[in-house]
Amino acid sequence: MFNEKMKNSKNRAMTLIEIVLAVVLVAVVAVPMWDLLVSSRTVTASAEELSKAVTIASNGMAKLRALPADSLQELPETEDEQTNFGFSKPAAPYRRFIVISDTGIKASKGNFKHARVIVRWQSKRVKRELDYTLEALLQ
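In the numbering used here, the protein residues as written are 1 to 139.
Some hints here could point you the wrong way.
[To be verified] Listed below are the simulated DSS-like cross-link pairs for lysine-lysine, each with C-alpha atoms no more than 25 angstroms apart in a straight line:
#1 LYS63 <-> LYS106
#2 LYS113 <-> LYS89
#3 LYS52 <-> LYS124
#4 LYS52 <-> LYS89
#5 LYS63 <-> LYS52
#6 LYS124 <-> LYS89
#7 LYS109 <-> LYS63
#8 LYS113 <-> LYS63
#9 LYS106 <-> LYS124
#10 LYS127 <-> LYS52
#11 LYS127 <-> LYS89
What the hints contain is simulated information worked out from the structure, not anything from laboratory work.
Put together the whole structure using the sequences plus the hints.
Following this line, the structure appears as structure tokens:
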């Protein structure tokens, strides 16, 4: 009777080889999933940085469009808080630059101006300075 119980318990118990194989199988599946998680986190952080830059540039361009046309004089690349447009400084690490140049295209309301809003920032992910430029013709 004792031998029969031992035989049944041996059949139901997991051997060391089965446990090792199960751990290896879990590791083989878990390592690529971990790499995927880490890379998706990096991509998400980079997309978040770019999204903030696009928002800052769009806000800057919207403010330029709202200004009277005669206030848009030629302006070399200048950090926005140094202009007389009344822009507030964007949050660190972002810096916004404004460039306005004359296109030479004449219209009934005045010349068209080429406006560029450049946002630069020091990326935490790629460890270098990145920029985003938004351009428009303004009249």
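Status of the hints after comparison with the structure:
1. LYS63 <-> LYS106: Measuring from Cα to Cα gives roughly 23 angstroms; hence the hint holds.
2. LYS113 <-> LYS89: holds (23 angstroms)
3. LYS52 <-> LYS124: Roughly 14 angstroms between the alpha carbons, so the hint for LYS52 and LYS124 holds.
4. LYS52 <-> LYS89: Holds - the C-alpha atoms of LYS89 and LYS52 are around 14 angstroms apart, at most 25 angstroms.
5. LYS63 <-> LYS52: holds (17 angstroms)
6. LYS124 <-> LYS89: holds (20 angstroms)
7. LYS109 <-> LYS63: holds (19 angstroms)
8. LYS113 <-> LYS63: holds (15 angstroms)
9. LYS106 <-> LYS124: Roughly 44 angstroms between the alpha carbons, so the hint for LYS106 and LYS124 is violated.
10. LYS127 <-> LYS52: holds (17 angstroms)
11. LYS127 <-> LYS89: With Cα atoms ~23 angstroms apart, LYS127 and LYS89 stay inside 25 angstroms; holds.
Hint compliance for this structure: hint 9 alone is broken.
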